[in-house]
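Protein sequence lines correspond, in order, to chains A and B. Residue numbering for the first sequence follows the numbering used here, beginning at 4 and increasing consecutively. Residue numbering for the second sequence follows the numbering used here, beginning at 27 and increasing consecutively.
Treat the hints loosely; a few may be bogus.
[Unchecked claim] Residues from chain B that keep clear of chain A, each with C-beta distances beyond 10 Å, as calculated:
id, residue
1, K29
2, P82
3, I170
4, A173
5, I197
6, T234
7, K244
[What the hints assert, rightly or not] Pairs of lysine-lysine residues, derived as DSS-like cross-links and limited to a Cα-Cα distance of at most 25 Å, are as follows:
id, chain 1, residue 1, chain 2, residue 2
8, A, K323, B, K324
9, B, K151, A, K323
10, A, K324, B, K236
[To be verified] To be clear about the criterion: a stretch of chain B counts as covered by chain A if any three or more of its residues have a C-beta under 8 Å from a C-beta of chain A, and this derived list gives those stretches:
id, stretch
11, 60-66
12, 144-158
13, 209-220
14, 318-329
No lab work stands behind these hints: they were computed from the structure. Please read all numbers here as calculations on a predicted model, not as lab measurements. Backbone N, C-alpha and C fix where the C-beta goes; we use that ideal spot for every residue, glycine too.
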Amino acid sequence: MSIFDKFLRIRELGIFSIIIIVVIAASIIDTRFLTIDSWRAVLLAIPLILVMAMGQMMVIICRHVDISIGSILAFAAITIGFVFIHYPETSLWMALLITAFVGLIMGLINGIIVTRFNVHSIIVTLGTLSLYRGLVFIVSGGRQIDRNDIPVHIISFSQTSFFFSIPAILIFSVIIVLISHLIMRHSVLGREIYATGSNPEAAHLKGINVTKITLFCFGVCGMLAGVAGLFYASRFGYVNPGVTGVGIEFIVIAGVIIGGTSITGGSGSVLGTFLGILLLGIINVALPVLNIPGEFQKAIYGLIIVLALSLDQLIIFRMKKLRTGSNA
Amino acid sequence: MLKKISIYLSENPTLRYWIIRPEWVAVILLILSIIASLQLSPFFGDLAFIMDSATPYVEYGLIAIILTLIIISGEIDLSIASMIALTAVIFGTVYNAGFGMPLSVLIGVLSGALCGLFNGILVTKLKIPSIILTIGTLTLYRGIAQALASDFSLGGYPSWFIGIDYRYVGIIPIPVIIFTVFALIVGFLLSSTIYGKQLYLIGTNPQTAKYSGIKVDKIKLLLFTFSGVISGVAGVLTTSRLAVARFNMATGAELEIVLMVMLGGTYIFGGRGNIFGTFVAFWIVVILRSGFNVARIKIESQLTILGAMLIIAIILTNYIYSKSQK
Numbered sequence: 004m005s006i007f008d009k010f011l012r013i014r015e016l017g018i019f020s021i022i023i024i025v026v027i028a029a030s031i032i033d034t035r036f037l038t039i040d041s042w043r044a045v046l047l048a049i050p051l052i053l054v055m056a057m058g059q060m061m062v063i064i065c066r067h068v069d070i071s072i073g074s075i076l077a078f079a080a081i082t083i084g085f086v087f088i089h090y091p092e093t094s095l096w097m098a099l100l101i102t103a104f105v106g107l108i109m110g111l112i113n114g115i116i117v118t119r120f121n122v123h124s125i126i127v128t129l130g131t132l133s134l135y136r137g138l139v140f141i142v143s144g145g146r147q148i149d150r151n152d153i154p155v156h157i158i159s160f161s162q163t164s165f166f167f168s169i170p171a172i173l174i175f176s177v178i179i180v181l182i183s184h185l186i187m188r189h190s191v192l193g194r195e196i197y198a199t200g201s202n203p204e205a206a207h208l209k210g211i212n213v214t215k216i217t218l219f220c221f222g223v224c225g226m227l228a229g230v231a232g233l234f235y236a237s238r239f240g241y242v243n244p245g246v247t248g249v250g251i252e253f254i255v256i257a258g259v260i261i262g263g264t265s266i267t268g269g270s271g272s273v274l275g276t277f278l279g280i281l282l283l284g285i286i287n288v289a290l291p292v293l294n295i296p297g298e299f300q301k302a303i304y305g306l307i308i309v310l311a312l313s314l315d316q317l318i319i320f321r322m323k324k325l326r327t328g329s330n331a
Numbered sequence: 027m028l029k030k031i032s033i034y035l036s037e038n039p040t041l042r043y044w045i046i047r048p049e050w051v052a053v054i055l056l057i058l059s060i061i062a063s064l065q066l067s068p069f070f071g072d073l074a075f076i077m078d079s080a081t082p083y084v085e086y087g088l089i090a091i092i093l094t095l096i097i098i099s100g101e102i103d104l105s106i107a108s109m110i111a112l113t114a115v116i117f118g119t120v121y122n123a124g125f126g127m128p129l130s131v132l133i134g135v136l137s138g139a140l141c142g143l144f145n146g147i148l149v150t151k152l153k154i155p156s157i158i159l160t161i162g163t164l165t166l167y168r169g170i171a172q173a174l175a176s177d178f179s180l181g182g183y184p185s186w187f188i189g190i191d192y193r194y195v196g197i198i199p200i201p202v203i204i205f206t207v208f209a210l211i212v213g214f215l216l217s218s219t220i221y222g223k224q225l226y227l228i229g230t231n232p233q234t235a236k237y238s239g240i241k242v243d244k245i246k247l248l249l250f251t252f253s254g255v256i257s258g259v260a261g262v263l264t265t266s267r268l269a270v271a272r273f274n275m276a277t278g279a280e281l282e283i284v285l286m287v288m289l290g291g292t293y294i295f296g297g298r299g300n301i302f303g304t305f306v307a308f309w310i311v312v313i314l315r316s317g318f319n320v321a322r323i324k325i326e327s328q329l330t331i332l333g334a335m336l337i338i339a340i341i342l343t344n345y346i347y348s349k350s351q352k
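Only chain A is shown next, with the shape it has when bound in the complex:
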């Protein structure tokens, strides 16, 4: 086995080296990129996507994709916005509970349709993407939640800090990432998610309740999208039914896929996903530094998704070749 093949086995190393290359390239072109300010911008750009990516990663490892998370985010954000209008003294923890619950229900609806009727999750969530978005408009009556509707203690959640001037929102996201890591790596549940994704039939024969595992993944994915709804309200200070969360699912999926999570299920890691999201955040901040207009951002994300998918498939081909080679 050549060094190249060993390198392929550790997917996180690949994405890490891409991050290093991008950072070095951006810093050579403009040294402003190395200042604390731009790194602050990177770290402030990612919490929303990072939280959603943890749920999406579990769903993708489980061989499904959920593209309705942008609408779930919007629905949770609009709901919590109306709660704030009527009960401005709602505490942060209560708000978290509400958004998590709203997201959980919507994620479970996706999961139930997918497991009960055995239809590909992308088609189902393409339907619920519109369904939930329509609900956002029906619930809000097309009204936007403004900055003065959102209480100060919620806004300050993403701006003040209680630990080394790191915003609370970031610390909170990192805690969610750590919990996801513990679940995926060090719990029976996590191993069962991997088993389900790599071979659902075998997992079923081994006595794993595949339906339950799939429901769990969709539930967590929806729940975290709901929590991200609160983060959105806190971070941007407004919720617009037509704008909030539109297209964010593709950014999240891009991050998860370039983080080395295989779209055919069964492989991927929290660390890889974190690095993938970090790379997207760095690109997001590097574009204006490099004088690339913001209109190119979507094209670059799209290109990244397609490249990552192709690379993933090439690695699988290479692995197969190696395996058959060693057997022969």
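Dock chain B against the given chain A, drawing on the hints supplied.
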């Protein structure tokens, strides 16, 4: 009574084949929606009104027909709506750069073919599942359109080019004629030629199809390219209808296009379905949408109904096929 019917049907497989078909659901839905919309407004009895309200959806309908073929062959293309926007933007950019109209149309349609070919090559050569790949190219193509056009509307076309939806033959607008003729041609190809039979075989069992000497990859590549070409045509038609090209046109059209195919009873796992169903489903979407507008249901709230319909259509189709298989 029901039991008698089911016994009679099980003894006559040919009859059962003709009666238990998802297309009938589409036909029944169409009749129901016509009755419901007639209650709403007497104008729904006016054929000219229906024809006029159909023109904005013809672009989607054209793509729905080609998407039916792709889904029958066991793949899917979700990048269609982005390809409409990208080809329209490329067409607008090229025209404004001073190329003549025929050349601009040609370049617009060809760029669609290239996009489709790109999808097809990645699906057939790298074996990336098309459902996830086209989610990626959906972002990519829309992104390229945005990078090309920024937030500008590309206009300035000659007056003869603008407003194809206002040209009529009798009471029928030209786009509706294009759509009907296209549906007839593709429907004939699918139902009565060897190419159609090959598509069904590929969708039912690609492995067997390959061993029977069908060039599976080549046909799939052709289908994806064709999907790009039709998206290019739809892009030019949309530009003619709106008189401008923007990067965000046909946003979210995937939903309506996939809905047309699914309502028409095409099986999401491939191997079954036909153009007749999609053709009927096109009119369902047209009548429902116009009905919603007449009933003053907000465009955004209509999304909820369309999304729910997509899910119900898939579940229903799967159920009917599982029944007819017994």
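Now for the hints, and whether the structure bears them out:
{"no.": "1", "hint": "K29", "result": "27 Å, holds"}
{"no.": "2", "hint": "P82", "result": "18 Å, holds"}
{"no.": "3", "hint": "I170", "result": "5 Å, violated"}
{"no.": "4", "hint": "A173", "result": "5 Å, violated"}
{"no.": "5", "hint": "I197", "result": "33 Å, holds"}
{"no.": "6", "hint": "T234", "result": "21 Å, holds"}
{"no.": "7", "hint": "K244", "result": "20 Å, holds"}
{"no.": "8", "hint": "A/K323 <-> B/K324", "result": "52 Å, violated"}
{"no.": "9", "hint": "B/K151 <-> A/K323", "result": "16 Å, holds"}
{"no.": "10", "hint": "A/K324 <-> B/K236", "result": "22 Å, holds"}
{"no.": "11", "hint": "60-66", "result": "violated (count 0)"}
{"no.": "12", "hint": "144-158", "result": "holds (count 7)"}
{"no.": "13", "hint": "209-220", "result": "violated (count 0)"}
{"no.": "14", "hint": "318-329", "result": "holds (count 5)"}
Hint violations for this structure: numbers 3, 4, 8, 11, 13, all remaining hints satisfied.
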